[in-house]
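Q: Whole structure, please, built from the sequences with the hints as guidance.
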Amino acid sequence: MLRYVITRLVSLGLSLVAASLVIFAVVEIIPGDPAAFMLGLNASEDTVAALREELGLTGTLGARYFDWVSGMLSGDFGTSYTYRVPVADLVAARLWISIPLAFYALLLSVLLALPIGMVAAARRGRMFDYGIMGLTQLGIAVPNFWFAMLLVVLLAITLPIFPAGGFPGWDAGAFAALKALTLPAVALALPQASILARVMRSALIETLGQDYIRTARAKGLSEGQAIRRHGMRNAMIPVLTIVGLQFSFLLAGAIIIEKVFFLPGLGLLIFQGITQRDLVVVESVVMLLVFAVILVTFLVDLAYALVDPRLRHSR
Amino acid sequence: MIGIEKLSLTLSGIPVLRDVSLDIAAGRTLGLVGESGSGKSMTALSIMRLLPHGAQMRGKVHLEDRELNELSERQMCAVRGAEIGMIFQEPMTALNPVQTIGDQVAETLLVHGTASRSEARAIARERLARVGLVPERFPLDRYPHELSGGQRQRVCIALAIALRPKLLIADEPTTALDVTTQAQILDLIRELVREEEMACLFITHDLAVVSEMADEIAVMKAGAVVERAPTATLLREMRHPYTRALFDASRHQPERASAKSEAPLLEVRGAVRDYTLRRQRLFGPRPSFRAVDGVSFAVKRGESLGLVGESGCGKSTLTRAILGLEAFQGGEILLDGQPVSTRMPAELRRRMQVVFQDPYGSFNPRHRVARLLTEPFHLTGRPPDLKERIGEALENVGLASSDRDKFPHEFSGGQRQRIAIARALITRPELIILDEAVSALDVSIRAQIMDLLADLQGRFGLSYLFIAHDLTVVRAITDRVLVMQAGRIVEEGETQAVFSAPTDSYTRALLDAAPALPAA
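Respectively, the protein sequence lines represent chains Y and V. The opening position of the first sequence corresponds to residue 1 in the UniProt record's numbering, with each subsequent residue numbered one higher. The opening position of the second sequence corresponds to residue 1 in the UniProt record's numbering, with each subsequent residue numbered one higher.
Any given hint could turn out to be false.
What the hints assert, rightly or not - To give a feel for the contact side, a few chain Y residues facing chain V, derived at Cβ under 7 Å:
#1 G220
#2 G224
#3 D308
#4 P309
Just so you know, the hints here were simulated from the structure itself, not pulled from any lab data. Bear in mind the structure is a predicted one, so any value in this text is a computation, not a measurement. Idealized CB from N, CA, C, for every residue including glycine.
A: Here you go:
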């Protein structure tokens with residue numbers, strides 16, 4: 001098990017180095033001088049030179065990469081050109097929305113999908129199964145911003161239970177904050193839950209055809225017991241894979257939902273960074289997202305090993 | 001003890017069992033034999049009431065004085081595992097890979113509420129020890145993947161007998177195992193049945209196995225029991241023609257005209273195949289495993305050479321090296337004097353073809369027969385008389401040339417194996433490697449394919465390298481035989497001589513372990 005964790009950690013480290021090199025290179029490769037590029041055509045030589053200094057564009061390629069990486073490691077992500085504040089502060093404020101939102105949506109997705117997938121698998125080929133699979137088809141096909149608008153109309157305007165948008169901040173109390181995140185989380189979770197429920201259903205149906213389920217039935221377990229005790233854990237591997245992918249997506253892919261609900265999240269930050277050519281922000285946030293994705297992949301790998309003893313080979 | 005009366009079964013309206021009646025007394029074993037699809041397993045699953053969806057069952061099943069067919073599903077759950085234990089064919093997949101063996105045995109006790117958690121573990125330990133897995137070497141927290149096939153089958157037996165059931169159903173329990181392991185498992189089942197006073201329903205397609213195991217034999221054909229008698233009587237009298245046909249087929253000896261010359265076609269000289277294993281430590285050296293260890297032999301023109309050995313002995317590795325599919329690390333392999341390697345010329349590859357075991361898995365289901373057959377021509381380019389060659393190859397193996405436009409699923413298992421042989425024949429090779437080519441077939445089909453192979457050998461002067469774990473088949477169809485153990489050839493000689501007077505201790509152990517039919 002230790003060996004497995006170590007190899008995963010090594011691969012995590014290598015992936016991070018590779019990703020940082022790629023991101024750094026992309027920003028470097030953009031033709032022309034980033035400072036001139038950011039300032040536009042009419043900037044004076046002096047302004048460009050000042051910005052170059054500020055962006056840390058003087059010095060060799062290696063030294064700049066090293067500065068950038070060591071800066072990030074010590075929490076210094078540079079200063080945003082457009083906002084004139086440290087990127088770290090910008091990101092920190094956004095993370096307090098994006099991370100809870102991603103977890104909230106993922107939790108809803110898992111809580112919805114697993115039981116639905118399980119029941120659909122247990123009743124495969126019957127009315128419930130067909131009905132649920134039809135609904136999940138719809139959940140995948142309909143874009144989530146449409147759900148978002150529908151939710152706003154229903155639960156914020158017609159029945160004013162949740163706020164229609166905006167974020168009061170965590171200072172306003174956890175309840176108010178969570179309330180503001182509920183509709184976005186539901187809108188994000190519905191398509192994800194639809195995918196996850198289908199994965200759960202097919203993974204479980206596949207395990208139900210396995211010989212060990214027959215062995216369990218021959219021991220005297222009822223069909224439900226066999227599914228819960230022997231099917232579930234074996235079906236978890238494909239489900240975990242999808243959950244990992246979904247978390248990564250939810251963290252950065254919520255731009256449209258953030259837009260619909262006026263939430264200042266990471267997605268919007270990147271979007272603004274790109275449109276305003278704020279390369280310092282783009283570079284740092286992309287690196288941060290890559291880190292999050294790689295970390296989640298690592299956690300999913302650890303979860304695999306917990307679920308499946310065959311992966312913990314060294315005994 | 002257990003009785004079945006006029007059991008009939010339909011699956012989605014298709015009749016599967018017809019008026020099956022059987023009974024077994026405590027401490028006795030009933031052998032249920034028949035070919036695939038004859039309804040053996042369905043009979044067992046009917047007793048367990050673990051039938052697939054769409055099954056309709058009529059008739060009576062009673063265990064002591066209770067009618068099982070009248071019980072509710074909930075009541076049946078209480079019977080399964082407690083009063084009837086069942087073991088299955090595939091020990092590799094029959095256990096849950098993510099649970100320890102201790103938990104899986106203890107679960108039988110827990111699910112029936114007969115023991116507390118700690119008692120269940122104690123009983124599990126005792127039952128595992130009873131089937132030969134002593135706690136010192138096989139602690140309860142082992143996972144199935146850490147055990148061999150035979151050991152896993154022992155775990156399956158332990159969980160089936162954990163509650164000392166009245167009836168044990170064993171459905172092909174040793175079919176997937178090597179002969180020596182099979183002999184041990186059969187001994188264990190026999191002993192358990194006697195000591196625990198269980199009734200045993202022993203299902204198998206292997207007549208030799210059943211003749212050693214059963215007190216009484218029932219022969220099934222197309223969903224009905226055609227003959228039933230005490231083992232000795234049945235073997236002596238064989239009243240029903242189907243019983244006789246089955247026994248004849250399993251002892252079948254194809255007529256072979258031996259036309260072998262002394263000139264060697266394939267020569268293997270000191271072949272070595274090493275596999276590199278994963279590192280033990282992060283930067284340590286990579287250990288290696290020698291799968292084939294200095295093997296030398298020759299196949300003469302027109303000869304059938306058998307290669308026998310248990311799983312993991314290196315047979316398949318050697319086959320891949322001979323076919324030039326894998327590099328080998330030492331020695332040389334020559335086909336008609338030319339060196340075999342992974343980069344050998346296509347013309348040399350053409351002269352050597354292979355037929356594998358599984359007639360279901362070895363064809364692309366979306367290709368028509370004509371396309372499947374002509375696949376080897378990527379080696380040599382399409383010959384101008386392609387159409388004639390396809391027709392000829394199909395007719396040579398006893399199929400019609402009009403079968404070329406069909407898909408594999410339109411054929412039975414035996415017919416598919418004929419297609420596989422036709423595919424091997426179409427390039428007009430000199431050597432055919434038959435890798436367990438008849439192992440997956442029923443005895444009657446197996447006999448037909450053996451006849452076909454003998455006939456083709458006579459007609460085309462083919463040489464065969466016949467790889468098998470089934471000693472009866474090797475004995476019937478080869479001139480000479482090699483016995484392989486742990487990567488080495490331990491014995492080589494004329495087939496009849498080796499079988500009647502083996503010199504090597506391992507060969508003797510193999511032959512002793514193999515169940516044999518009493519002489520006719």
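Q: Now tell me, hint by hint, if it's right for this structure.
A: Do the hints match the structure? See the list:
| no. | hint | in the structure |
| --- | --- | --- |
| 1 | G220 | holds, 3 Å |
| 2 | G224 | violated, 10 Å |
| 3 | D308 | holds, 6 Å |
| 4 | P309 | holds, 5 Å |
Violated hints amount to a single one, hint 2; each of the other numbered hints is respected by the structure.
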